[in-house]
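Participant: For reference, the chains in residue letters:
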Amino acid sequence: MAEEGVRAETPTVRKLSRLERLPIRRIVLTVLTVAIAVVVGGGIYKTLTLPEAERLGWTFWANLMVIGLALGAVYALIALGYTLVYGILRMINFAHGEVFMAGAFGSYFFATAYADSGFLNAHPWAALGILFLVGMTVSTAIAVLLERVAYRPLRNAPRLVPLITAIGASLFLQNSFQGFFGSQTRGYPRPSILDGTIQIGQVSFDKIDPVVIITAIVVMAGLQFFVKRTKTGKAMRAVAQDREIASLMGIDVDRVVVTTFVLGGMLAGIAGVLYALTFGQVGATMGFLPGIAAFTAAVLGGIGSIPGAAIGGLTLGVAESVGPYLLLIGIDVPSPYELRGVITFSILVLVLIFRPGGILGTGEAEKV
Amino acid sequence: MDRSIARTAVFTGAIAGIVVIYLALVGMIERLDDLPIIGRVGMDTILIFLPAAVGGWVVTRPRVVGGERRTTTPGAAAVTGMAEGLVAGVVVELALGLVSVLGIETVRQVFSAVSPALIEIMRFHMAPVPAAVVMIAGTTFVGLAGGVLRVLPKEVRAPIASGLFAIVVVALLQRVIAPAFDQMNIERDWLYSPVTTGLTWIGGAVVFVLTAAAVRFHLGRWLAGILMPSRYPSAAPATAPSDAEGTNREASSEDRRTSLDAGISRRGIAIVAWCVIALIVAFLPYLVGPVVSRILGTVGIFLLLGLGLNIVVGFAGLLDLGYVAFFAVGAYFTAILTGGQRVTFTGYEAPAFGFHLSFYAALPIVIAIAALVGVIIGAPVLRLRGDYLAIVTLGFGEIARVIFGSTWAQSLFGGSLGMSGITAAKVPGVPMNFQADPRHFYFLVLVFCLLAVFVSWRLQGSRVGRAWNAMREDEQVADAMGISTTRFKLLAFAMGGAIGAVGGALFAVSLGSLTIASFQILVSITALAVIILGGLGSIPGVVVGALVLIGLPGLLTQFVDYRLLIYGAVLIAIMLLRPQGLVPNVRVSRELKEDERSQDQWAKHLLEQDATDAPEPTGGALT
Chain S
189 MAEEGVRAET
199 PTVRKLSRLE
209 RLPIRRIVLT
219 VLTVAIAVVV
229 GGGIYKTLTL
239 PEAERLGWTF
249 WANLMVIGLA
259 LGAVYALIAL
269 GYTLVYGILR
279 MINFAHGEVF
289 MAGAFGSYFF
299 ATAYADSGFL
309 NAHPWAALGI
319 LFLVGMTVST
329 AIAVLLERVA
339 YRPLRNAPRL
349 VPLITAIGAS
359 LFLQNSFQGF
369 FGSQTRGYPR
379 PSILDGTIQI
389 GQVSFDKIDP
399 VVIITAIVVM
409 AGLQFFVKRT
419 KTGKAMRAVA
429 QDREIASLMG
439 IDVDRVVVTT
449 FVLGGMLAGI
459 AGVLYALTFG
469 QVGATMGFLP
479 GIAAFTAAVL
489 GGIGSIPGAA
499 IGGLTLGVAE
509 SVGPYLLLIG
519 IDVPSPYELR
529 GVITFSILVL
539 VLIFRPGGIL
549 GTGEAEKV
Chain D
147 MDRSIARTAV
157 FTGAIAGIVV
167 IYLALVGMIE
177 RLDDLPIIGR
187 VGMDTILIFL
197 PAAVGGWVVT
207 RPRVVGGERR
217 TTTPGAAAVT
227 GMAEGLVAGV
237 VVELALGLVS
247 VLGIETVRQV
257 FSAVSPALIE
267 IMRFHMAPVP
277 AAVVMIAGTT
287 FVGLAGGVLR
297 VLPKEVRAPI
307 ASGLFAIVVV
317 ALLQRVIAPA
327 FDQMNIERDW
337 LYSPVTTGLT
347 WIGGAVVFVL
357 TAAAVRFHLG
367 RWLAGILMPS
377 RYPSAAPATA
387 PSDAEGTNRE
397 ASSEDRRTSL
407 DAGISRRGIA
417 IVAWCVIALI
427 VAFLPYLVGP
437 VVSRILGTVG
447 IFLLLGLGLN
457 IVVGFAGLLD
467 LGYVAFFAVG
477 AYFTAILTGG
487 QRVTFTGYEA
497 PAFGFHLSFY
507 AALPIVIAIA
517 ALVGVIIGAP
527 VLRLRGDYLA
537 IVTLGFGEIA
547 RVIFGSTWAQ
557 SLFGGSLGMS
567 GITAAKVPGV
577 PMNFQADPRH
587 FYFLVLVFCL
597 LAVFVSWRLQ
607 GSRVGRAWNA
617 MREDEQVADA
627 MGISTTRFKL
637 LAFAMGGAIG
647 AVGGALFAVS
657 LGSLTIASFQ
667 ILVSITALAV
677 IILGGLGSIP
687 GVVVGALVLI
697 GLPGLLTQFV
707 DYRLLIYGAV
717 LIAIMLLRPQ
727 GLVPNVRVSR
737 ELKEDERSQD
747 QWAKHLLEQD
757 ATDAPEPTGG
767 ALT
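So the protein sequences, as listed, match chains S and D.
Residues in the first sequence are numbered consecutively from 189, following this note's numbering.
Residues in the second sequence are numbered consecutively from 147, following this note's numbering.
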């Protein structure tokens, strides 16, 4: 402080300022690092060296891996929405989890109608195609509306302002859906060809899991092609690099932003349908946790990077499904699955503290 | 009426109609059917017609055409407003027609709010065709009214709008005002109808006239000037002639102020006014009864949370979405320290680590723990920018919630079943029982709220407060000016956390038991909505925000289901329309106004010169 020089004469002040010079940040970070290393290292070691009778077999872990990859694929699709918007507008679209929820909920009414009429089992692929279309349409509509009403008027406002409207929009959408459709969760029908399990060697997993993973990979490849090879994709990358210069080059920034929200909405809609098919239920509050998890995935992979979102999503999915057992069973923590939220959030916090650029990023996120 | 205005009118009308359909589908219109406002007019009717009126107001706004500001002429305003209202009514009727074609049962399978009762309300309990006529005529009329209101001079417009608003507010506050009248032995049947519990038409008229008069003579502004005299000398009053639009509002109010001041000492009025407020606050629980007192207790808890969060977000500019962590720390550690028992399936058990301190002995420890948690949470995130910081703190909040509610920490905090048997805060010699008489709790909360207000108020202008201010405006510049940003950020987290923990401690003793369900992320967002509504960094704003956002839904059970919906809408609407909040921070708003005024002066100066010798404008213009 400027005035400190004058008052530093008195011994009490000198003592205080010595205390202030304590590198609090470094101390806390060091303690945090050591604690995490102990928990992770110790937990894994203990879990893997449990006595023979209690030890979990490799089929168990393989099964968890597949479940994790399927979950991660859904996260990756949602994460792409965060990443695209962040790349273009440098803002966190906090309400993206609700866009995802809207897609799942929108397709639910068609899914139940088709299940009742028998169409879902008679022509499962056609029915699924329609469900995806409906989910994409609803999610896209919500995403575009969100951009128009809540974000566009604030595009040049201080950074926190659109974030606060995004939080408000998230709350508003979630509770609107609760008001429209009731607060109970509803069962989502699954076509019978996707029911049951597949056995490969000793590992068995649900049929739906590989379907989810493959769909997600195809969609992400399509997105990568769109962004890298088409003219609109080029315009998006230009706007992401410098909005002003892009607009001087004749790119309609508003159109690019809307396109971005459309893309994010479509991906979220697909993710919503996949998620609903996997877990067999939809509800107005289903968007919050996957939304945060997907944001974590986007940050983990390097926000602004499309392959990063994919890698981050898959990593996080696996970490969330395998992590609680691998880390916590060995150290006798009861019901470890309860604590998977802690793993997600810890990853988020740790990535932001130690490597804010994410796995594929370098320092500050700069690219799409 | 040119083409673009017509298009705007149709578009706005359609939006107004869609808003009404939204309100119906979300269930609000049916739910608010039993909330009478005036006579037989219920809140549901107001919700049906308000969007069209607002639409009429919006479409007649002054527009900028080719860099020139054009106000709408009265004739155009009337026609545009009517057109807008007509479209709104037609859209709503189309939706109603669609429902009757499809059948209520079919629509109900998707939208659970659609019911025969809702259709009855939307048709004003009439046959479809006359109902449609009434609906469309009504929306057209309110659209017209909205448009006409815009072109009225401000001296007429503001009193009318405020008077109508006051009718709704007084009607909504029936559960507070009616018992207060009873306690003071004032006849109240003229104001609130004993049949409908809404206002009577006479009562409504009285409320309207009183409010309109108060607004016309700038009573509120005058009172605010008396109660909170600015520490800064007021700028030279602008002397421009009043031209009825916006910019000279301040000037006329200041003229008003000086004329009212004549003869009476301002200081004297201020003292009397503050004494009256203090008396009302002190006797409020006895005026309004135990039920409302319980609500006021909750308002107090959120006031504390708001004040704490205001230090972090409003003063220091660090958006903390995990504020619920401090609330939980305060509540759970109070529980442990004051002899709370964990609830198990078989009964109660002592926590693995527990004490039997009195509330007042435990509180300093709880505050110290919360401040420490603030530093621990704050330290790793010191280098994160605004939006990242928000997400990370959100993560911390969730981590805290999961840990407090986990089976793993069950031996300490009771897991998902929570804790019970928390000792109430007893003052020796005073019989207190929070559960039996919420009025006692009101006073306890009041003491801590006053304390927190005092701390915030003193911090605001202190060296620390100014350092936070500088940091909020520009961190790098603040750093360059020699402000240790590390130290002040941690201090903000610690101070904010400590106040939030006091809120949590009071919450714990008010209920005597805790479950993890009370510590959702929504607590953080509610506290955020409270401070955003009032205005970031504004202490009176936090009070207003807590009263409106916590008090009103508490009073009006009809609104409880839509509380979060309304919080979401408030966050969006405030950021879009009035980012400085309802009761803005004096310093910030004064700076803004100063700026505005000097610009006006500059513009006026230019105009005057323009009239005389037309010189070159200096700077700013394109040459």
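Derived by calculation from the structure, the hints in this document are not laboratory data.
Each residue gets a CB set at the ideal place from its N, CA and C atoms; glycine is no exception.
Watch out, some of these pointers could steer you wrong.
Label-pair distances were calculated between CB atoms; the ranges are [stated by the list, open to error]:
#1 501(D) with 221(S): 27 to 37 Å
#2 325(S) with 251(D): 24 to 34 Å
#3 608(D) with 297(S): 37 to 47 Å
#4 341(S) with 493(D): 52 to 62 Å
#5 325(S) with 279(D): 28 to 38 Å
#6 251(D) with 405(S): 41 to 51 Å
#7 410(S) with 628(D): 20 to 30 Å
Covered stretches of chain S (in silico footprint by chain D; criterion: 3 or more residues with CB under 8 Å from a CB of chain D, positions within the stretch not fixed) [as the list claims (entries may be wrong)]:
#8 382-394
#9 399-407
#10 418-429
Participant: Please list, smallest to largest, the hint numbers that this structure does not respect.
Facilitator: 3, 7, 8, 9 and 10
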